[in-house]
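2 protein chains.
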Amino acid sequence: MTVLILTSDQDVTADMAVVELNARGIPVLRLDPAELPGGVDVSGEYAHGVFQGHLSVGGRVVSMGGLRSIWVRRPGVPAARARAASAWLTEEASQALYGMLRCTDARWMNHPDAARQARHKPWQLWLARECGLPVPATLITTFPRVARAFAERYPDLVVKPVSGAHPGDGALAVPTTRVRPDEDYRDVAHGPTLLQRRVRKVADIRLTCVGDRLFAARAASGTPEVPGIPDIPDAADVVDVRFDPDAGPWRPVSVPRRVADAVHAYLTRSQLAYGAFDFAEDADGIWWFLECNQSGQFGFVEIETGQPIGRAVAEWLAGEPLGPHTPRVTETGSAGPAGSPRDTDPTRDTDPTHP
Amino acid sequence: MTVLILTSDQDVTADMAVVELNARGIPVLRLDPAELPGGVDVSGEYAHGVFQGHLSVGGRVVSMGGLRSIWVRRPGVPAARARAASAWLTEEASQALYGMLRCTDARWMNHPDAARQARHKPWQLWLARECGLPVPATLITTFPRVARAFAERYPDLVVKPVSGAHPGDGALAVPTTRVRPDEDYRDVAHGPTLLQRRVRKVADIRLTCVGDRLFAARAASGTPEVPGIPDIPDAADVVDVRFDPDAGPWRPVSVPRRVADAVHAYLTRSQLAYGAFDFAEDADGIWWFLECNQSGQFGFVEIETGQPIGRAVAEWLAGEPLGPHTPRVTETGSAGPAGSPRDTDPTRDTDPTHP
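Protein chains in written order, with the working numbering: chain A, 1 to 355; chain B, 1 to 355.
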């Protein structure tokens, strides 16, 4: 039974999992849909009541019926590198490839429909709250007067994109930024705007989930704030850990039981096999849900914390443990420095108050 | 409780259902996502553990919590008519609108995820067969030698697009066409090609499904064939009822019980509330599955047959019968000419042989 990995040539994260699978003799087929047709071939026949599909890369042919799992990592746009590339050919190649793969019994990380649903941030906020995760008060609106009224109730706000960065399109990445108290909200009418009560965070949390295994990492904020002392944001104040040069480093941290339960519920209801959650940890130790990226990177966390995330992905794809590792519900990683005493403080598993 | 209809201004099919809903006093909100932002506004707040969303068109504001159903008819691309239209604004508007609507309890016709899955023709062929519908032998391939071998086994073939016409993009509509016996299959390598054993049809069947109600219509073929007399196809031979000026007219026909059961199973597994099935009826009366279009038109069938499909859509959206009409599992329509005796011949409910 083969593991299928859909990704581009340049993908060191996929490389990490492939090394693990190769070492255990699990067959892997790696291909980029951008090379269909041309470098990649596909074929499926429906006759006599059965479907038989095949994939081929570099002369190697694999039966779709022999796929144990499919990892949708960073696939290119189907037919993007074809000689006669066009929107029509992309549609044809996409339907042929994904339409046939949908007919298999393979397990998906993640299924395209689950991935698509999971990218909707308004739905993420709703589901997170449904599952018991604390969510900062949030408004998404095109009404300037509603934005102004929200800012009166929650004077300390951040603004961020509704959609987040689109996979594969770095140009759409916009950092989360603080809002000035005297903000002019008239332009809200020209595009849906997401405003969120700013969490006065002491750390960022990245919780990477692989099946039912959770890997949490914590990065102390670059500029810790003094509670009780209000500060006035600058218009260019970025509070996004991705753009904060002083944040970190990432260190393993244990997951409070209540958060673990809520995250498992989130993954079950969203039908995701993989998800990277971002939380903001406040001075009370509460983890505030910010988002769940179904295709979030884990390489930087693994490198800094030593948590065996790539191996966990490989084990999930293989559908079986690959070695002596014993899965646990929550784990702090088998390598890397231990967290501070505060990181494992059981009192952090506190019932969050409403925002 | 309000019915939300997402469609463009010019949509007579939506008009038919709106008339039915208006006549019964069911509130309807009709909007085109292309006009968000600008003509359409959206707002949602997540605070104190609850989500409250609102939609607004022309000064009228409707609570998302008060939506009973959502009809995704022919919606425009979000933000397409905004003053500052861009790919980024489309992504933001799409996430804001559909992301919030996903948080409601409303019933969808059809849910975007179900609709997306249902458009994959390779998956349709597989699911139809799984549900017990007869499917003509079909090949989808980029291998010229596999195409040649298939043509040797099934000398009488048609070729059609893998993807079908994309909703809202008429430029991608390509008719189903017969394949010459001496076809050169080398170009198959340049794009996935769908070849299918040609059904020697005596009629086309359009089976429109609204919830659990089925409306079948039959159009006799324009050029009936004489069984046993082989004919040589012309390269330009189109066998697509959409492009056949001699086909029809559409007449109501009853649905064989076995087909009705299979279609109900198909709709359940695909989670579709609406689907328009196309079958080819052969000389033995067998209905061969060709495709299921989750957004297929029904206006032309209703006009020619008198079947109350628009009313059935309105009743589904209302979540309740709108009048004295009693739903049945299969129906031939309350108006229009009766079918020929052959149309209701119970022997047509035959166990189909494998192709």
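A hint or two may mislead.
A pair counts as met if it fits within one copy or between any two copies, since identical chains are not told apart.
To be verified - Taking lysine to any residue and the SDA-like style, the derived pairs with C-alpha atoms no more than 20 angstroms apart in a straight line are:
#1 K160 to R68
#2 K160 to T90
#3 K160 to N22
#4 K160 to A189
#5 K160 to S69
Calculated directly from the structure, the hints in this document are not laboratory data.
message = Check the structure against each numbered hint from earlier and tell me which ones fail, lowest number first.
response = Numbers 1, 3 and 5, in rising order.
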